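Asks: With the hints as extra help, turn the sequences into a complete structure.
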Amino acid sequence: MIVPVPASATSILATIPSPDRGVWYLGPVPLRAYALCIIVGIVVAIIWGDRRWVARGGRKGTVTDIAVFAVPFGLVGGRLYHVATDYYKYFGPGRDPLDALKVWEGGLGIWGAVALGAVGAWIGCRRRGVPLPAFADAVAPGLVLAQAIGRLGNWFNQELYGAPTDLPWGLELYRRVDPDTGLADPIAGVAVDHTPVAIVHPTFLYELVWNLGVVLLVVLADRYFRMGHGRVFALYVAGYTAGRVWIEMMRTDDATHIFGVRINVFTSIIIFVLAVTYLLVVRGKREDPERLWGKPLPGDEPDEASDGAASTDESEPAGATKVEPDGEADSPPDDTDRPGDKP
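In the UniProt record's numbering, the protein residues as written are 1 to 343.
In case anyone wonders, no lab produced these hints; they're calculated from the structure.
Just to be clear, a hint being listed does not mean it is correct.
[Stated by the list, open to error] Computed cross-link-like contacts, SDA-like style, restricted to lysine to any residue with a CA-CA straight-line distance of at most 25 Å:
id, residue 1, residue 2
1, K102, T85
2, K102, L167
3, K285, R223
4, K89, V177
5, K60, G129
6, K89, T256
7, K102, K60
8, K89, K60
9, K102, Y25
10, K60, L132
11, K89, T181
12, K102, P28
13, K60, Y224
14, K295, T64
15, K89, L132
16, K295, V119
17, K285, W122
18, K285, T267
19, K60, L152
20, K102, L80
21, K295, V281
22, K60, K295
23, K102, A115
24, K89, R223
25, K60, V119
[Stated by the list, open to error] Okay, the calculated beta carbon distance ranges per label pair:
id, residue 1, residue 2, range
26, E290, Y224, 17 to 27 Å
27, D180, I269, 37 to 47 Å
28, P97, A221, 26 to 36 Å
29, V190, E290, 51 to 61 Å
30, P93, D180, 24 to 34 Å
31, Y224, M250, 29 to 39 Å
Predicted, not measured: the structure shown is a model, and the values here were computed from it.
Ideal Cβ positions, reconstructed from N, Cα and C, are used throughout, including at glycine.
Replies: Structure below.
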């Protein structure tokens with residue numbers, strides 16, 4: 001739903017423009033910005049998660065192997081949650097149920113993605129012989145960073161915005177049409193011009209910035225408190241839901257309501273309480289690195305670093321104390337060692 005530009009908007013000196021389009025074509029093949037943002041987010045989460053897993057004592061490549069199960073499950077779960085909570089968009093008079101399969105047009109519910117993605121991760125962890133809570137802790141910062149990247153897809157789709165505003169960071173919405181038919185097409189169409197039909201709160205941007213803050217919170221807390229047993233993941237969930245509540249209440253797009261409140265507000269509050277409860281009840285530092293090594297799969301190549309470490313251990317005199325390597329890959333850009341890692 002697009003609302004008229006408020007009269008005060010004519011005095012705005014600076015606003016955020018929307019992209020002219022969200023879809024490009026490579027011959028007959030559509031390149032959708034929303035899908036590209038999701039893919040980039042997934043890749044970043046896997047790469048960073050694997051680095052954190054190795055730094056905690058796990059086998060390199062384990063996160064990638066588990067992602068083979070977790071990612072498809074998560075995408076299906078995210079779509080199912082969206083369709084279930086916004087069912088009126090796909091079922092009923094004048095609706096086409098097959099539109100529920102058009103995930104490239106947007107519509108992934110984070111709670112469905114996390115829930116069913118966790119099932120896929122559990123399958124992968126069982127196959128690899130590693131504990132699911134430890135895996136969740138390793139990938140937690142990457143997951144929320146992936147969510148931030150994915151929110152850029154909403155910018156290209158001109159969706160997930162709030163009420164009209166005259167703030168300098170208001171988002172300009174343009175009228176998009178199908179270049180062939182001239183019919184309105186806000187998702188795959190092209191902007192007619194740069195005259196905004198509305199200037200609104202960019203709630204997708206608020207969530208993007210909030211998620212980056214949660215990334216920083218989770219990384220720092222994990223670094224200084226050496227959290228384990230799923231507590232890093234619980235902190236991510238608690239931090240994300242705390243922001244999702246107030247951001248969700250600002251949104252004006254169509255949504256299912258319960259007692260006049262958007263359903264995702266209720267969901268976020270419930271999950272926030274569960275996450276905080278988990279943080280308070282579950283105790284303990286990080287798992288023993290030996291538990292994270294897991295079992296090799298057919299075709300796995302021996303790890304040279306581990307072989308060298310094993311040779312060194314065998315040559316140590318009896319009674320010598322073994323010192324486990326301890327490091328943390330807390331930022332995706334580089335591999336520099338931290339100067340210290342104390343509680």
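Asks: What are the numbers of the hints the structure violates, in ascending order?
Replies: As far as the earlier hints go, 2, 7, 8, 15, 18, 19, 21, 24 and 28 are violated by this structure, in ascending order.
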